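Enquirer: Chain residues, written in single-letter form:
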Amino acid sequence: MQKTVSLTVNGKPVSATVEGRTLLVQLLRETLGLTGTHVGCDTSQCGACVVHVDGEAVKSCTLLAVQAEGRAIKTIEDVADGDTLHPMQEAFRDNHALQCGFCTPGMIMSALDLVKNNPDPSDREIREYLEGNLCRCTGYHNIVLAIKAGAAAMRGAPTKSQGAAAE
Amino acid sequence: MAEIGTPVRRREDYRFLTGQGTYTDDINRPGQLYAYILRSPHAHARITGLDTGAAAKTAGVTAVFTGKDLADAGVGGLPCGWQIHSKDGSPMQEPPHPVLALDRVRHVGDPIAVVIADTLGHARDASELIKIDYAVEPAITNASEALKPGAPLVFAEVPGNVCYDWHLGDPAAVDAALKSATRVVKLDLTNNRLVPNAMEPRAAIGDFDRATGEHTLFTTSQNPHVIRLLMGAFVLHIPEAKLRVVAPDVGGGFGSKIYHYAEEAIVTWAAAKLRKPVKWTADRVESFMSDAHGRDHATHVELGLDAQNKFVALKVSTVANMGAYLSTFATCVPTYLYATLLAGTYTTPVIYAEVKAVFTNTVPVDAYRGAGRPEATFLVERIVDLAADELGVDPAELRRKNFIPKDAYPYQTPVALQYDSGDYFSTLDLATKASDYAGFEARRAEAALRGKLRGIGIATYIEACGIAPSAVVGSLGARAGLFEAAAVRVHPTGSVTILTGSHSHGQGHETTFAQLVADGLGIPMESIEIVHGDTAKIPYGMGTYGSRSLAVGGTAIIKAMDKIIAKGKKIAAHLLEAAEADIEFKDGNFSVAGTDRSKSFGEIALTAYVPHNFPHEELEPGLDETAFYDPKNFTFPSGAYVAEVEIDPDTGTLEICSFNASDDFGRIINPMIVAGQVHGGLAQGIGQALLENCVYDQATGQLLTASYNDYAMPRADDLPHFALSTHATLCTHNPLGGKGCGEAGAIGAPAAISNAIVDALKPVGVRHVEMPATPEKLWRAIHQHKAAA
Chain L
1 MQKTVSLTVN GKPVSATVEG RTLLVQLLRE TLGLTGTHVG CDTSQCGACV VHVDGEAVKS
61 CTLLAVQAEG RAIKTIEDVA DGDTLHPMQE AFRDNHALQC GFCTPGMIMS ALDLVKNNPD
121 PSDREIREYL EGNLCRCTGY HNIVLAIKAG AAAMRGAPTK SQGAAAE
Chain R
168 MAEIGTPVRR REDYRFLTGQ GTYTDDINRP GQLYAYILRS PHAHARITGL DTGAAAKTAG
228 VTAVFTGKDL ADAGVGGLPC GWQIHSKDGS PMQEPPHPVL ALDRVRHVGD PIAVVIADTL
288 GHARDASELI KIDYAVEPAI TNASEALKPG APLVFAEVPG NVCYDWHLGD PAAVDAALKS
348 ATRVVKLDLT NNRLVPNAME PRAAIGDFDR ATGEHTLFTT SQNPHVIRLL MGAFVLHIPE
408 AKLRVVAPDV GGGFGSKIYH YAEEAIVTWA AAKLRKPVKW TADRVESFMS DAHGRDHATH
468 VELGLDAQNK FVALKVSTVA NMGAYLSTFA TCVPTYLYAT LLAGTYTTPV IYAEVKAVFT
528 NTVPVDAYRG AGRPEATFLV ERIVDLAADE LGVDPAELRR KNFIPKDAYP YQTPVALQYD
588 SGDYFSTLDL ATKASDYAGF EARRAEAALR GKLRGIGIAT YIEACGIAPS AVVGSLGARA
648 GLFEAAAVRV HPTGSVTILT GSHSHGQGHE TTFAQLVADG LGIPMESIEI VHGDTAKIPY
708 GMGTYGSRSL AVGGTAIIKA MDKIIAKGKK IAAHLLEAAE ADIEFKDGNF SVAGTDRSKS
768 FGEIALTAYV PHNFPHEELE PGLDETAFYD PKNFTFPSGA YVAEVEIDPD TGTLEICSFN
828 ASDDFGRIIN PMIVAGQVHG GLAQGIGQAL LENCVYDQAT GQLLTASYND YAMPRADDLP
888 HFALSTHATL CTHNPLGGKG CGEAGAIGAP AAISNAIVDA LKPVGVRHVE MPATPEKLWR
948 AIHQHKAAA
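If you read the protein sequences in the order shown, they are chains L and R.
The first sequence lines up with residues 1 to 167 when you count with my numbering.
The second sequence lines up with residues 168 to 956 when you count with my numbering.
The shape of chain L in the complex, shown without the other chains:
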């Protein structure tokens, strides 16, 4: 059964005809070509598909595309300001918080959601918040450092590079 869904993606209104069973992540990746949002599992565990829906972090594999009717979606493609990385993206780069890069978009979208609600999270709060984002490369060590540094930069606090090189 085909349905038409209208929503806003990265600030632009879009309309698409989808099957009823089409997931939001499929709409983003396959219909709209926004392949920065990834699919790493089929049980809503890995968090590679996290996007923002009306400003909240949501696993886009848990939502049907038709459920996004009228919603505002933000994906990883819209986080940087042109060619200038967002402070959280910059913090991930500076702290070597990504290796293969596959979980990274979901991690960034989750990190932004965490910091929105908790501008100065502790290590423990970051680790607990990341319960829904799996990374197989980094052991999370540098991701935790990056989110702390990114949060500090977003608060306007003085930042110091804490890259893994220091260890």
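Do not rely on the hints blindly, as some may be mistaken.
[Unchecked claim] Only part of the chain R face toward chain L is listed, based on derived beta-carbon distances under 10 Å:
| id | residue |
| --- | --- |
| 1 | 215 |
| 2 | 218 |
| 3 | 346 |
| 4 | 347 |
| 5 | 367 |
| 6 | 451 |
| 7 | 454 |
| 8 | 590 |
| 9 | 847 |
| 10 | 848 |
| 11 | 872 |
| 12 | 886 |
| 13 | 887 |
| 14 | 912 |
[To be verified] Distance condition first, Cα-Cα at most 30 Å in a straight line; then the derived DSS-like pairs of lysine-lysine:
| id | chain 1 | residue 1 | chain 2 | residue 2 |
| --- | --- | --- | --- | --- |
| 15 | R | 443 | R | 224 |
| 16 | L | 3 | R | 224 |
| 17 | R | 224 | R | 254 |
| 18 | L | 3 | R | 929 |
| 19 | R | 704 | R | 737 |
| 20 | R | 224 | R | 568 |
These are calculated hints, taken from the structure and not from any lab test.
From a predicted model like this one, the values you see are computed outputs, not experimental measurements.
Just so it is clear, CB atoms sit at the ideal spot from N, CA and C, and this is done for glycine as well.
Chain L is fixed; fit chain R onto it per the hints.
Expert: Positioned in the frame of chain L, the structure of chain R alone reads:
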């Protein structure tokens, strides 16, 4: 300019951070069809009927293919890349591994048919209309059980399910040494089966160009040339010149993306047959059922010690689970990547290992991060700790007493390897000091006051990386060479493209290799482009695994740079009217020794491509060199890890209080990237020790852990911050002195954690806890021993 040794931020990050990475599933070809693969729900069954008629007639479906269709078209089976010979000299059993099952399925997930349709949804819907009649047969999933008389046979033609019964070392010498030993410590232990779980599921897209007859495969691979060779030569019979394999951005591998998988052959073949691109992407449950698994050993080990507590002999008997078919490099993992490492960091003079590799009704097992070396390290370091406990001596001191001395290199072990360099004392000192090993008993006592059981555990490790000398591995049964290739293509304006046969799927080669070249050619990083992962661009490549990229791939780049510099000197000598022998190359300048006359790298490049004033009699124009490098030996990274844990006896929950890792990787090019590699390896090693376990139901052969609901992946709140240090002894046989760092963490961590657990449980008399040491297992261990006492 000194890029080597500095934590240069990664050049690949921008595209990954902004969602611009291009992974295989991100690629879509015009007119593309989608493949859905129907897999066996049974662990072992005969297929007595297979009717695809209704599925083929479903809306949107282009074709349905079965094993018979592929066999009729001459498609071959998936090859195994390493032939092992048994003790009696007979070659291993190597039953066929069809791309799609023919008359029998041998594990849950064994592929049976492929449906190709205009959408994945249509393909999946149609697959439900395929009618299969199964005659279910008894299945066997545990390798030790599979060896017992009367066990179900995975292959009728393989007696006792034994693939091979292999050994290494002198059993008589070892038995004699054990007999005369003052003490013999014995242990039975298992090395739990793991699922690699790269976050990017495997994917493959086949394409066919009718105009040129060229096949293209986009695939999630760690080694596209190896896939081209195996698939082209053995499975689809396509000459290399007509087959292009592209491994674009790849989202983690950890070994699981080395192998040639059925789906790659299916989409490549189907695309040519249908004259349309065909795309397949695994969902996660398919990954669990079809990616090669890791580990799965059951081992009995005996260590003999003399009156001075010196190790006199080690005897190891292992049963290794191969799964239902031989994956590409499965057979070398529990043999030449395992038993050869059993000397570890010690001077044990005689060692004997025997390994039975066994077929079972499970997903094939192959190399997973560390591959054989974690299994060897785990048993060596567990038995050494047990020996220390039985003797009542400090485990650190027992290790020091038996370490290979610093001045003993090159050191020939009794299990074939010759270590070129190392210093196990320094890494152990660094790790024990960082963890305040000396002050531990006070912390144990303090924890006991809080009702907690606290323990500290040491593991040292050695690994053989930088695989490997082709002649050596060839003599041991490898059906491939293990060199690496690189090309340095200098462009007329002085920028440089490096074509490397190594493949980055998270390792950061685009940065590390650029650092290497920036220093080697004295040009800025910005002038260097690193290209990998495409057989149409790269001269050749054996790929990335076994921590080989820097030691072998990096050396190939250096060898190609050497040729560029040698030619550049000839050109400079001509331009500067000097003798070639007088030309020095330093910091990007070719100079006449002892003068201020020089030509820059850029001027030499331009001269090579605009050769108006050029030594044409002596040289060809251009500046583009290729090198193949075959390593002289393995490299031997080593290190010492110290873990401290605290266990709540009431709940069995465990907290890692600290983890100190000290590694010897030889020369380090980018310390930031190296630390990241260690972190990731440690997380996987700790995952094995505490969380991860691939479980089959013994009665039905069903895979019980086929999703992230059931298979415990390490999450951020399961892991501590890691404290790292390094101490370098240089590799003596590559120009970098580099050893490799990718697998270390996964090799050393399981034993360090397990030793800490057993140390914590010492007060309740626990001698060994099998991995993963889940809270339930720990609670039962504590309370069973309490009850017994």
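Enquirer: Next step is simple, just say for each hint if it's right about the structure.
Expert: For each hint, the structure was consulted:
Violation of the interface hint for residue 215 of chain R is found here, the shortest Cβ-Cβ separation to chain L being roughly 31 Å, above the 10 Å cut-off. Interface hint at residue 218 of chain R: violated, since its Cβ lies 26 Å from the closest Cβ of chain L, which is beyond the 10 Å cut-off. Hint on residue 346 of chain R is violated. Least Cβ distance to chain L is approximately 45 Å, over the 10 Å limit. With a least beta-carbon distance of about 45 Å to chain L, the hint placing residue 347 of chain R at the interface is violated under the 10 Å criterion.
With a cut of 10 Å, the hint placing residue 367 of chain R at the interface with chain L holds, because the nearest CB-to-CB distance is about 4 Å. Annotation: residue 451 of chain R was flagged as interfacial toward chain L, and the flag holds, the nearest CB pair being 4 Å apart, inside 10 Å. Because the closest C-beta pair between residue 454 of chain R and chain L is about 9 Å apart, less than 10 Å, the hint holds. For residue 590 of chain R, the interface hint is violated, since its Cβ never comes within 10 Å of a Cβ in chain L; the closest pair sits about 20 Å apart.
The interface hint given for residue 847 of chain R holds, since its Cβ lies 5 Å from the closest Cβ of chain L, which is under the 10 Å cut-off. At its closest, the beta carbon of residue 848 of chain R sits 8 Å from a beta carbon of chain L; the interface hint therefore holds under the 10 Å criterion. Violation of the interface hint for residue 872 of chain R is found here, the shortest Cβ-Cβ separation to chain L being roughly 12 Å, above the 10 Å cut-off. Look at residue 886 of chain R: its Cβ gets to within about 6 Å of chain L, closer than 10 Å, so that hint holds up.
Using the Cβ-Cβ criterion of 10 Å, the hint placing residue 887 of chain R at the interface with chain L is satisfied: the shortest such distance is roughly 9 Å. For residue 912 of chain R, the shortest C-beta to C-beta distance to chain L is roughly 8 Å, which falls under 10 Å, so the interface hint holds. The suggested pairing of residue 443 of chain R with residue 224 of chain R holds, with an alpha-carbon distance near 19 Å, which does not exceed 30 Å. Of the pairs offered as hints, the one joining residue 3 of chain L and residue 224 of chain R holds, with about 25 Å between alpha carbons and a cut-off of 30 Å not exceeded.
A threshold of 30 Å between alpha carbons decides the hint, and for residue 224 of chain R with residue 254 of chain R the separation of about 54 Å lies outside it, so the pair is violated. Proposed proximity of residue 3 of chain L and residue 929 of chain R is contradicted: the alpha carbons are some 64 Å apart, above 30 Å. At roughly 28 Å between alpha-carbon atoms, residue 704 of chain R and residue 737 of chain R fall within 30 Å of each other, so this suggested pair holds. Between residue 224 of chain R and residue 568 of chain R the alpha-carbon distance is near 73 Å, which puts this suggested pair outside the 30 Å criterion.
Hints 1, 2, 3, 4, 8, 11, 17, 18 and 20, counting from the list given before, are not met by this structure.
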